[in-house]
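Asker: From first to last, the protein sequence lines stand for chains V and C.
Residue numbers for the first sequence, in my numbering: 4 to 333.
Residue numbers for the second sequence, in my numbering: 4 to 333.
These are calculated hints, taken from the structure and not from any lab test.
It is possible that part of the hints are untrue.
[Unchecked claim] Listed next, the in silico BS3-like pairs over lysine-lysine satisfying Cα-Cα at most 25 Å (straight line):
hint: 1; chain 1: V; residue 1: 310; chain 2: C; residue 2: 274
hint: 2; chain 1: C; residue 1: 310; chain 2: V; residue 2: 273
hint: 3; chain 1: V; residue 1: 266; chain 2: C; residue 2: 310
hint: 4; chain 1: C; residue 1: 303; chain 2: V; residue 2: 273
hint: 5; chain 1: C; residue 1: 304; chain 2: V; residue 2: 273
hint: 6; chain 1: V; residue 1: 310; chain 2: C; residue 2: 273
hint: 7; chain 1: C; residue 1: 274; chain 2: V; residue 2: 321
hint: 8; chain 1: V; residue 1: 321; chain 2: C; residue 2: 273
hint: 9; chain 1: V; residue 1: 273; chain 2: C; residue 2: 302
[What the hints assert, rightly or not] Below, a sample of chain C positions facing chain V; criterion: calculated Cβ distance under 8 Å:
hint: 10; residue: 48
hint: 11; residue: 52
hint: 12; residue: 138
hint: 13; residue: 142
hint: 14; residue: 282
hint: 15; residue: 287
hint: 16; residue: 309
hint: 17; residue: 312
hint: 18; residue: 318
hint: 19; residue: 326
hint: 20; residue: 327
For every residue, glycine included, the Cβ atom is placed at its ideal position computed from N, Cα and C.
Residue-level listing of the chains:
Number of protein chains: 2
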Amino acid sequence: MSRKFPTATEFIEGILAGNRMLLSRAITLIESTKKEHQDLAQEIIEGCLPHSGNSVRIGITGVPGVGKSTFIEAFGNYIIEEENRSLAVLAVDPSSSKTRGSILGDKTRMETLSNHPKAYIRPTPTSGSLGGVARSTRETITLCEAAGFNTIFIETVGVGQSETAVHSMVDFFLLLMLAGAGDELQGIKRGIMEMADAIAINKADSGNEAAAKRAMSEYKNALHLFPPTESGWIPKVATCSAFHNKRIAEIWEIVDEFVRHTKTKGFFEKKRKEQANYWLDEAINQELHRAFYDDPGLKKKLAAFRKQVQEEEISSYKAARDLMREFLGK
Amino acid sequence: MSRKFPTATEFIEGILAGNRMLLSRAITLIESTKKEHQDLAQEIIEGCLPHSGNSVRIGITGVPGVGKSTFIEAFGNYIIEEENRSLAVLAVDPSSSKTRGSILGDKTRMETLSNHPKAYIRPTPTSGSLGGVARSTRETITLCEAAGFNTIFIETVGVGQSETAVHSMVDFFLLLMLAGAGDELQGIKRGIMEMADAIAINKADSGNEAAAKRAMSEYKNALHLFPPTESGWIPKVATCSAFHNKRIAEIWEIVDEFVRHTKTKGFFEKKRKEQANYWLDEAINQELHRAFYDDPGLKKKLAAFRKQVQEEEISSYKAARDLMREFLGK
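Extracted from the complex, chain V is given alone in its bound form (with noise of 0.2 Å):
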């Protein structure tokens, strides 16, 4: 592997000028495990950081075969043709998982959208941890605003635990359903609904009308259960049909009324600060945990405990106390 690395300096200059072949080569630095890589992706966003946050970022849920792919292809494409807007498209479900694994992962259903000169697809990571997948996708989408894409669609198959990371570095979150499969067979989590700013029944055609309308009230009623959002938004319910490429246009209508309601009051920006801190504290853990975890040192003690630990002879909160001293007085 001789493939000489451009200079930070011309990374950050490629990328602020909209280079694509540059953004997508740090994107794989921020992906890499390797220190060197890493070292030169951290110096590539430092550099990218004040030039980024100028977007909206929407998180797009739902379970497999809720369209998910044909919905971002209609959505991407409406905001770019008709709001004259930019996108980036990434995902936030390691492959590896036990989920059913990446969308993204093949471009070829978004055909139109990944030949757009205004959007770029970004496929899902193949391998990695929930944490350093999340970590990776919120420094991608420093690197994407940096390039000057205005639109961040964040998307993340409905059944796992990568809603609420991405729920944590979104400004909007879009849950897709489906009218008529009921909840349980929609395996959708009841958190992921909480955590939703709207929601949209798609696959609303073909007859299926009504009971995507029966659907939105039934929802809308479900919605009222929850308590209210600090900003005062109403998550609101639409029906759309993705395939037939209607009623998307209502779709981004709600997210544009959300962002101007919550930047009128501030809580726009109060959120991301929100985010920022909860990513800090996120990653103070995982430093935390690599530090003591990969501890040579640390490595016997903590095996023969967590054995003493199973066996009952200790508690796990003495064994901790012990282990702690020992990681510290170092």
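Using the hints, position chain C against chain V.
Answerer: What follows is chain C alone, placed relative to chain V:
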């Protein structure tokens, strides 16, 4: 406060002899945040550990209104009177949390049980983080088992984060539900249903019997949507009326069958070992965080970094790494 404490040995001997006054005082030490109390508590726990473990630990959850106190009263009395068991009832909902508060705070809701010589009821700690309460509940289990109780109920309100904690400290997880209330209205989180080893549909009385039976078959169907458990146990669904003391025996029969099923195949012990592992890692996590966030030398720097991260001047990961270098460089 010059109340003299017995020595650790006196505590241990008293607890092993079934002295409830000493048991209660030891639990109070466990719940205390004072260092001297904690040190004494840890000594007591260590002395009790070799005598613990010999019980069936049952988590009982369900939203307010499901009749949890009445159920615990009926179920507890049944296993004491008919199955010749002894029972300690604990709870894991910090009453300071946003959930609807402590159920066990008011012992009068379990009148017979709280006066029964073979039962011991410990009210919820009145404050503390979930992590802290989970820890003290785990340690309280140890003491109660050492004191000879061979059945432990751990109660929790099924609306918060406590259920994962409880699920990780019990052998058997029982979810109480109502008939005809609908998943939405019950406010139960989906994740909780997945944890259940059995669902008991309570208040199957006063003309509600048919609805309860319908709910029973619905839940049976729903449970089939979840992946099978490792031990091959298929979660059971039953109806009962705690208020009228009806079909309570069947619930115990399910617990008993579960214990026999998992013990024969080695899963009972395996799960306890996994739980011990889990709690060791949780304890390490708590200790790591305490050491980091309470570090007086770090506080100022952390605050400064936090501000920079919020203003998007540096990335959260770079900030975390720099802080970590400082933390470990001492």
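Asker: Are the hints correct? Go through all of them and say.
Answerer: Structure-based check of all given hints:
Taking the CA atoms of residue 310 of chain V and residue 274 of chain C, the gap is near 14 Å; set against the 25 Å cutoff, the hint holds. Straight-line distance between C-alpha atoms of residue 310 of chain C and residue 273 of chain V comes to about 13 Å, which keeps the hinted pair within the 25 Å bound. Taking the CA atoms of residue 266 of chain V and residue 310 of chain C, the gap is near 21 Å; set against the 25 Å cutoff, the hint holds. The hinted pair formed by residue 303 of chain C and residue 273 of chain V meets the criterion: a straight-line CA distance of about 22 Å does not exceed 25 Å.
Note on residue 304 of chain C and residue 273 of chain V: the hinted pairing holds, with a Cα-Cα distance of about 22 Å set against a maximum of 25 Å. A C-alpha spacing of about 13 Å is found between residue 310 of chain V and residue 273 of chain C, which places the hinted pair at or below 25 Å, so the restraint holds. For the suggested pair residue 274 of chain C and residue 321 of chain V, the alpha carbons sit about 21 Å apart, so the restraint of at most 25 Å is met. Only pairs whose Cα atoms come within 25 Å are accepted, and residue 321 of chain V paired with residue 273 of chain C is accepted, the gap being roughly 22 Å.
Taking the CA atoms of residue 273 of chain V and residue 302 of chain C, the gap is near 23 Å; set against the 25 Å cutoff, the hint holds. Among the interface hints, the one on residue 48 of chain C holds; its C-beta lies about 5 Å from the nearest C-beta in chain V, closer than the 8 Å criterion. Look at residue 52 of chain C: its Cβ gets to within about 5 Å of chain V, closer than 8 Å, so that hint holds up. Hint status for residue 138 of chain C: holds, given a least beta-carbon distance of 6 Å to chain V, under 8 Å.
The interface hint given for residue 142 of chain C is met, as the beta carbon of that residue sits about 7 Å from the closest beta carbon of chain V, less than 8 Å. Given hint, residue 282 of chain C at the interface with chain V, holds; its Cβ is 4 Å from that chain's nearest Cβ, closer than 8 Å. Given the 8 Å rule on beta carbons, the hint for residue 287 of chain C holds: about 5 Å separates it from the nearest Cβ of chain V. For residue 309 of chain C, the suggested interface contact is upheld, since its CB lies about 6 Å from the closest CB of chain V, less than 8 Å.
At a threshold of 8 Å, the smallest CB-CB gap from residue 312 of chain C to chain V is about 5 Å, leaving the interface hint in force. Interface restraint check: residue 318 of chain C against chain V, minimum CB-CB distance 5 Å, threshold 8 Å, status holds. Interface hint at residue 326 of chain C: satisfied, since its Cβ lies 6 Å from the closest Cβ of chain V, which is below the 8 Å cut-off. At its closest, the beta carbon of residue 327 of chain C sits 4 Å from a beta carbon of chain V; the interface hint therefore holds under the 8 Å criterion.
The structure fails none of the hints (numbered hints given earlier).
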